[in-house]
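Enquirer: These are the residues of each chain, in order.
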Amino acid sequence: MSATTAPPPGQPAGDPPASLLSGTGTSRTGDRLFAAATRGSSALVVVLVALTGAFLLWKALPALQKDDVNFLTSRVWQPAGEPPRFGIAALLWTTVLSAAFALLLAVPVSVGVALFLTHYAPRRLARPLAYLVDLLAAVPSIIYGLWGAYVLGPVIAGVDSPPRKALETVLGWVPLFEKTGVARGNVFLASVVLAIMILPIITAISREVFEQVPVANIEAALALGATRWETIRVSVLPFGRPGVISASMLGLGRALGETIAVTIILSQPSSLDRFKLSIFYGGETFASKIANNASEFSTPQKTGAYIAAGLVLFLVTFAVNAVARVFITRRGEV
Amino acid sequence: MKLKRFSPLAAGLVVGALLLSACGSDNNSSTGAGTSDSASPAAAAGTCASGTLNAEGSSAQQNAIDEVIASFTSDCADATINYNPTGSGAGITQFTAGQVDFAGSDSALKAEAGEVAKAKQRCQGNDAWNLPMVTGPIAIAYNVKGVDSLVLTPEVAAKIFKGAIKTWDDPAVAALNKNTKLPSAAIKVFFRSDESGTTENFQKYLSGAAPKVWTDAPSKTWPGAGEGREKSSGVAEGVKSTADSVTYVEWSYAKDNNLGVSQIDNGAGPVQLTGEAVGKAVAAAKQAGTGNDLRLSLDYTTQEAGAYPILLVTYEVVCSKGLDAGKTALLKDFLTFFSSTQTQNSLEQVGYAPLPEQVRTKVEAAVKAIS
Chain A
1 MSATTAPPPG QPAGDPPASL LSGTGTSRTG DRLFAAATRG SSALVVVLVA LTGAFLLWKA
61 LPALQKDDVN FLTSRVWQPA GEPPRFGIAA LLWTTVLSAA FALLLAVPVS VGVALFLTHY
121 APRRLARPLA YLVDLLAAVP SIIYGLWGAY VLGPVIAGVD SPPRKALETV LGWVPLFEKT
181 GVARGNVFLA SVVLAIMILP IITAISREVF EQVPVANIEA ALALGATRWE TIRVSVLPFG
241 RPGVISASML GLGRALGETI AVTIILSQPS SLDRFKLSIF YGGETFASKI ANNASEFSTP
301 QKTGAYIAAG LVLFLVTFAV NAVARVFITR RGEV
Chain B
1 MKLKRFSPLA AGLVVGALLL SACGSDNNSS TGAGTSDSAS PAAAAGTCAS GTLNAEGSSA
61 QQNAIDEVIA SFTSDCADAT INYNPTGSGA GITQFTAGQV DFAGSDSALK AEAGEVAKAK
121 QRCQGNDAWN LPMVTGPIAI AYNVKGVDSL VLTPEVAAKI FKGAIKTWDD PAVAALNKNT
181 KLPSAAIKVF FRSDESGTTE NFQKYLSGAA PKVWTDAPSK TWPGAGEGRE KSSGVAEGVK
241 STADSVTYVE WSYAKDNNLG VSQIDNGAGP VQLTGEAVGK AVAAAKQAGT GNDLRLSLDY
301 TTQEAGAYPI LLVTYEVVCS KGLDAGKTAL LKDFLTFFSS TQTQNSLEQV GYAPLPEQVR
361 TKVEAAVKAI S
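Chains as they are written, first to last, in our numbering: chain A, 1 to 334; chain B, 1 to 371.
Looking at chain B on its own, in the form it has when it is part of the complex (with noise of 0.2 Å):
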């Protein structure tokens, strides 16, 4: 009888708490929702083997594996691979140990921290190979109104990251952006507060491309100016909801939250960011592994004109030989989906750049040497 009486009090409760949860639920999974339908290949020309896969490693590429892993398992209805996007030093770690079937990381297997030689040992004596497979934009995201179109240099960009530029109408900022009217309100730049191989191969790009103001050492912490938010969908939200501020953050997270993305002069003029011109910066990537090793060295100064040179590429770490014999079958069925011409562009769709044909005839040459 008492119950009755407030059950309404109780109901309404409930329903305020899934409101809540589905407003929480929204934010998160807004990057993953709409890829269902976005590109389902039909199956490559590849076989289906059965059995399972384990993978850990980089959540960088965690839209885009988890995307072809779908589609890969709907033709292939006996394969199960599972990814965990721990991160990339978690899955070296775990790949190392041995517990998973390859690794994804956003640096390639070090030699001087040990990766390497571990890693060899966990493959029974032979090499393991870095397989430049996703290819992420990282876009600098901005949210300043009335501003549609945003150029800026390597050596600019630097400043605005350090704070030495302050306000958007800096006459270096007006100097790029002649045609467009800047507000004279105060940058408000939001970074990752979480460790991150994006934090770090931004810092790569800043470094490489503007060595004269940023002058710190790479790594997966910001030593930059401004405010941290946790993960990419954190500083996302940050720029989305603060007005003025800008970051930086995988391409899809900018697309999804329709926050402006500035185009970069290396001093080729200014790049759009598209799949295309992440493209030409992969090609002019210098191959720094031998044979089927395909670890690739960017150059954060390219000049060829219409190559983005802000990107990182997420690498499968796989054994050349030592799998056993029923896991290697699954695992070249399912890499040389991967790397097949259909499965990387529909990669673009996901916020993902596909892998110029030079780089990927490359890929697909290692997959098969997989024994």
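Pulled out of the complex, with its shape left as it was, chain A reads as follows (with noise of 0.2 Å):
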């Protein structure tokens, strides 16, 4: 064993610092090639932003220089006319209300399962549990879409539905929960297959989160007599604060996006229909909008009032980073 350790008697004594010199020449090299690639993934990111943007920008100002009505507060839709019409406010409004419902409904139940995970469960449990959130995110959204509208639409989403009559009832005065006649393609529905669909990625960012609680605020905690909830409440949730925050707008950002189990799920209210604001109205988003009409982009003014409506969606998602981003950093200092 020791034979193999020391050195050749042979070889000079100068021979290490040599192959560590060569050793750093060829670091020297690596290190610039990786600091230049590592620059360039970047450089490429902001540039593919940019450059979408721009694209957005291009092709949707010409349709909207010859739009006939205001395009953030009209709801009518026909890009084909001449004049062309469209505006936008209709679908800015039930994008951000099924987005907002959804990130409503998942943000608890996603908060519970992490805190369950990394508190409550036994270590042989919470693995699997925490398995089987994620195979949540693995479920294709077409699946999502069809399942949503025919096996969940009819039981909590449909006129005579309990869940649906139950708060139309109780909360009908208000416009939000106001009674519509939309069978089951509202916002409702769409709302809680959305928050199915972003509850593993926001249980997996929590998660992850409040397993990285410093065992030594935990202790502190538990020293001074608190209980587990009062643990979790001085000490896990404060830290993990900024982390579900930051989840919750990922999850937020696939909602708004979210096209095709949306698009199979709402109904698209006639135009001759009184608008509602409600959730048991139908509506259609952005992403659902332009996904249902893709096969029928025949002119470049049509196309552009398409494109039109998803440069409003690219600076929504935009802005809701961006806020994210504040309540991150300002959480943090405290």
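Be careful, since some hints might not be right.
Claimed, not checked - In silico SDA-like links for lysine to any residue, alpha-carbon gap of 20 Å or less:
id, chain 1, residue 1, chain 2, residue 2
1, B, Lys240, A, Ser161
2, B, Lys166, A, Ser161
3, B, Lys240, A, Val159
No lab work stands behind these hints, which were simulated from the structure alone.
Starting from the two chains in their separate frames, assemble the complex, guided by the hints.
Expert: Structural data, given as structure tokens:
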């Protein structure tokens, strides 16, 4: 053993430093290459985002200039007309309402699951359960859409289904819960399905954050005689808050942009109807509107109108992320 | 070890997911299912050129052209024909850009939109022809318990789809259906939420046959009442799962979902939707094109006895000349096969109507004239 570790007698003493030197030599080139590669990748992302924005703007502007109604406040959508008339008010409302309601449903459940996995569940149970939640993310969204529309829809969102009836009866005086005649393709159902879809994202990130709460914090709370719930309240939740917020924003981003499931689920209200703010009303989101009509993009003007809608979605997602950043940095400092 | 413990759980999940996805695909493919055995006419008298044709366009003719391509290529093993059902507008754009060899479109090329000129340029200075090939009737499909037959006139239908007639036992509906007991339930209308040629053609019928009630200019978006669902499968499912509902949808979807199909009374008595009745309406159409450009102008107010007037015609838009020789030979063989009596008759089983003989022979002659 010792014979192998000892340097062979024939070799000069200067050899090891030389090999070391040559090693540093390659690592310098390597360093430069690697630094350039990382810089390049980051630049690529910035360029991609900028190019996407520029493309949207470039394609949307000609159509926007011809638009005969106010693009932001109108709910008409006739991009093929001469002159074209299209506005995104209704699309924006449905998009934001469905995503916000989904977040409202998903966050408490996600935080609950994450806390259970990290602080309540026995290890044996925690792992498979975490795995199960992750599996939810692996289900393709078209499956969620079909399941939501054909299986879940009639049960929770049909005109006569108990959860909907209860909400309409109790909260019907709030415009947000006004009674409507839309059979099952309403924002309520879309939000529930969206909530299930974003649950795994929020849970996974929250779990990671809760696991990193310093043991000292927890032990300090316990030492002061805190119960388990009190420990969670004073040490785990404050530590994890920025993480939970950024997880929620990631989920919100997905909910805003979710396309195929929402396209399958949502019914479009007739243009003859009075517009309702209710979650039991139908509607279309930016993504579902674009996806639903992509096959009929026959003229640049019409395509431009849809791309303008896409641009708004792009900006909304941007804004959501910016707000999340602000929250995270502010909470982090406190 | 740990893995082993929850593998039954995972397996259960996988099975669950499979079951769910199976449900989903059932709903989607039901129109395509059962078509494969419906008809495989032996190779028509035509020849078999080899090569590849790419085509794109109307989704209304998808089931028909898929069926025809399958039986054509089973006879002609060296030929490949791809049809991409992206929509009429996309098909024409791709055709005029020279990306595909022919387009399928629910409306003939429009001169005012510059499509005729662009297509001529694409065909190297030769005319492009609109060949009516697939006739797709639009059914007014309903789901009303206890009502096995329903008769509507264009005015009453237009009022229902406008939301002016709100209940099934409205006197106007009752007057047309004296022997049927209609419920007092509210009428639930479903419409296509995506832009669709079916929506446009149905509106063309309503505004043509009931101009006083349907005052909107026909377009691919729906100006009437109701609740919008995605694509034909969406509205058909909507009607199937909702009592007292009605929609307009391609005949094949109404058939596959076992929905009631209304009879139409254009003034010459109620007409049941059959392939023959649709053929009569196509035969009554005026030819609007010149020479071998066979664009049709449908007469929606037709008083011809036994003619079913709500239909859309899908044209194959082709270059009269200007494709390279190999493609031209294959195109001619394929379209000859498509327009043969046998192939046309086989389409009825997938929910389309065969072309009436006098139109079919013209199409056949036009295909022969492609060079």
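Enquirer: Could you run down the list of hints and mark each one as holding or not?
Expert: How the hints compare with the structure:
no.: 1; hint: B:Lys240 <-> A:Ser161; in the structure: holds (18 Å)
no.: 2; hint: B:Lys166 <-> A:Ser161; in the structure: violated (23 Å)
no.: 3; hint: B:Lys240 <-> A:Val159; in the structure: holds (15 Å)
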